[in-house]
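Student: The chain contents come next:
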Amino acid sequence: MTTATALTLDADAIGRISDRLEEPGWLRELRATWWDRAEATPPPTGLEEEWRRTDLSALPRGGELIADPPSLETVVPPGTSEGVILTDLRSAVREHPDLVRRFIGRAEGQASHAHFWALAQAAWTGGLFCYIPTGVSVDGTLVARTALPSSEGTYLPLSLIVAEEGSSVSLLEEVASPDGGAAWFGGIVEIQAGQGAQVRYANLQRLGDGAWNIGAQRVVVGRDANVTTLNAEVGSKVTKVGLDVQMTGKGGTSRLLGLLAAGGDQHIDINSDQDLHASYTTSDLLYMSALYDRSRAAFYGVTKVRSEAKQTSSYQECRNLLLSPEAGAEPIPVLEIETNDILRCGHGATAGAIDPIQLFYAQSRGLDRASAERMIVRGFFEQVVAQIHDETIRARVLEALASRIGSEEDLAA
Amino acid sequence: MALPNPALTQVPDSYRYGWHDAEQPRTTFPKGISAEIVEQISRVKGEPEWMTKLRLKAYRHFEARPMPKWGADLDGIDFQDIYYYVTGTDKAAQSWDDVPDYIRRTYDKLGIPEAEKKYLAGVGGQYDSEVIYHNIREDLEKQGVVFLGTDEALKTYPEMFREHFGTVIPPNDNKLAALNTAVWSGGSFIYVPPGIHVELPLQAYFRINTENMGQFERTLIIADEGSSVHYVEGCTAPTYSTASLHSAVVEIIVKKGARVRYTTIQNWSHNVYNLVTKRAVAHEDAVMEWVDGNLGSKVTMKYPSIYLLGERAHGEVLSIAFAGDGQHQDAGGKIIHAAPNTTSLITSKSISKGTGRTSYRGLIKVYPGCEKSKSTVRCDALILDEEARSDTYPYMEIDEEDVTIGHEASVSKVGSEQLFYLMSRGLSEAEASAMIVNGFIEPIVKELPMEYAVEMNRLIQLQMEGAVG
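Top line first, the protein sequences correspond to chains R and V. Start counting the first sequence at 1; every next residue gets the next number (the numbering used here). Start counting the second sequence at 1001; every next residue gets the next number (the numbering used here).
Treat the hints with caution; some may be incorrect.
Pairs of lysine to any residue residues, derived as SDA-like cross-links and limited to a Cα-Cα distance of at most 20 Å, are as follows [stated by the list, open to error]: (1) V:1372 to R:111; (2) V:1069 to R:111; (3) V:1374 to R:356.
Hints in this document: simulated from the structure, not taken from any laboratory. Bear in mind the structure is a predicted one, so any value in this text is a computation, not a measurement.
Can you make the complete structure from the sequences, with help from the hints?
Tutor: Below you can see the structure in the form of structure tokens.
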């Protein structure tokens, strides 16, 4: 299989992916359907509200499609129930075809990322499948890691996470690639939380400095389910991630957390849709950015409370710490509220430099300026970090951020 | 015997009764817009060539630009079904009987005098305040303050006019501003000399019998160094208009150390699309404040903006919007920080009732190098009914590190505990709701001149009783 000719992203490639993976007929058809949708849904022009702040014209579209990604490194805590599945999606198609078929490729993506969503549904070659059966609680943290060997090419993985009724899981997904080259990483993630399920999902992005990360995440929160997602955006040249949270079941809760530490010429743009369809739902978002050098963070988040959703509670908060005169931020939290029967609804956004008084205080206690700054940034991030209750995830995220904001050891030293 | 003063013999007949009743040429303009219509408007007004050219240039921009696709639904506007120039005589042809019932009822409930009612309804001129007008005018003239109709100002102060007109909002700024530039008529022109503080608020009201609340009025205010002025436009009582489109442009220049407050209370009848461009530039140490109230119209899209161009300039927008059944108030404010140490504050309070929709839309932009700039945006929305809707679109573009920028918004309904408490003290539900709403908008109402504040509170009460709108 590895000797096959290189694939580029076209209609022909879709069939050849299926050939190589010896996929069943239903999946071939599914891929073909999604390819048609991708063709029918043009890529963003840059005039769309969600795309005004990210220019896609330099997206390296012509790269070779990574057909044989490295295998997924997974960690499953000992003693985890038999029925729990954490594997790469290709293996899951072979080993659990009926289960995968039940969940894969059913939902439309977020309107802003519809084109990229459809592309990945059609042309995925990697990604993971995580399944937690009804009533099963996973103790400890599931970890899935992908370390791409090359800094080039096009990789569109699909990660599918299904937590059945009353189950509970923590999952950390990490992706990394080397610096250099120009790559297009278009990973999409779909999380389905059944009634009363508890899902904590963390995505740690450490792509190389030439990577374009055009991802999308869709979360469907069922009745009384509780989903927390955390996106830690550390790497990439350009990141444009769409978050789509569908509050479809009564009493559901979602919390979207984000930590962005950007430097150099990095450009990170997040757009979110918190769509509250059901009554008694809660959806909160907290994204925090520390922006160094000439980096830039944009955030465009929409909270939509539908007229049929009563007694909901929602909040969006976006905070930006500007650590260089050339850094920039564009936080735009939007509310569209179609009913008056709400419990709580609001948003807040800030942008600014480190408070000079804080800096002065820390320096007056003997820290040099750089250490004082790092300490304050870590304190700033603490608002999110304190909400990461999973030890493994917290440690990994802090480790990934250390290159920018320093580590505990630095402070102790 | 001395010869009669030639200047006196030239006083036109219309001045005989002591008021200014400009002689309008009896030209009838058909519906619709074209380069010919634009040229004709300019010709009828006897304008200098540069203005005719500017109008035509603006018209070409209007033609070329697409309708805005964002914001409110503007599909109901047919530009070819609108009169772009209506002479006074045509206007007077409207009859009191044509004024919708709900507006007449509101006048009665607000206790508005007969003459004023007719004036607001556009069916009669209002001459009663002539004495006050005269005194104010005399007082202003002594100080060197110019307060004229915009058309008159173009004739009287051609150089000052040309120097400033269209400099804050260029003809190609946006489609509707281009339309205004092409067909503008009426509005106010104010110049306040250096160091002069105009004590009383200037109101379009006092400049009687000119086009102060026209369809495409154009207002230009220049506050010279260290001066101050407060201008009040519109009124709390409903203003009836048969024209379905109101598209004004207001340009304000606040020079070094000067201070301008511009208060608008917009209460157009519910058939009007109110699409207005308002912008001010504030130089060093200047203060600009927009107090913007939107109660009427079918659709309003209006975002008063302030360009803080000089160090330590300060800008404020206080925005209040009330949307009843079928109304969409898409309002807000824009502040552009283009100099260091500039500060700004936007406070927005919006209320939506019935099937009404309010949208706050705003922008805070900080250019690189504008260090120590500070901005706070605070938006509160109150949704009174299940089908009412409220949106918040606060844009921020921050390109400077050393700044403090914050935005906060909340959306709420009238709390059942609050209602219960007030009703337990003997108030009806409508009275209790009105009281809560009045409390909600209090931070803005207290900034209004007293007579406006009183009327605003009464109006909210009427709205809450469901008697109007």
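Student: Each hint needs a verdict: does it hold in this structure or not?
Tutor: Hints, one by one, checked against the model:
For the suggested pair residue 1372 of chain V and residue 111 of chain R, the alpha carbons sit about 39 Å apart, so the restraint of at most 20 Å is broken. Distance check on the hinted pair: residue 1069 of chain V and residue 111 of chain R sit about 17 Å apart at the alpha-carbon level, within 20 Å; holds. Of the supplied pair hints, the one linking residue 1374 of chain V and residue 356 of chain R holds, its CA atoms being roughly 14 Å apart against a limit of 20 Å.
Of the hints listed earlier, the one the structure fails to meet is number 1.
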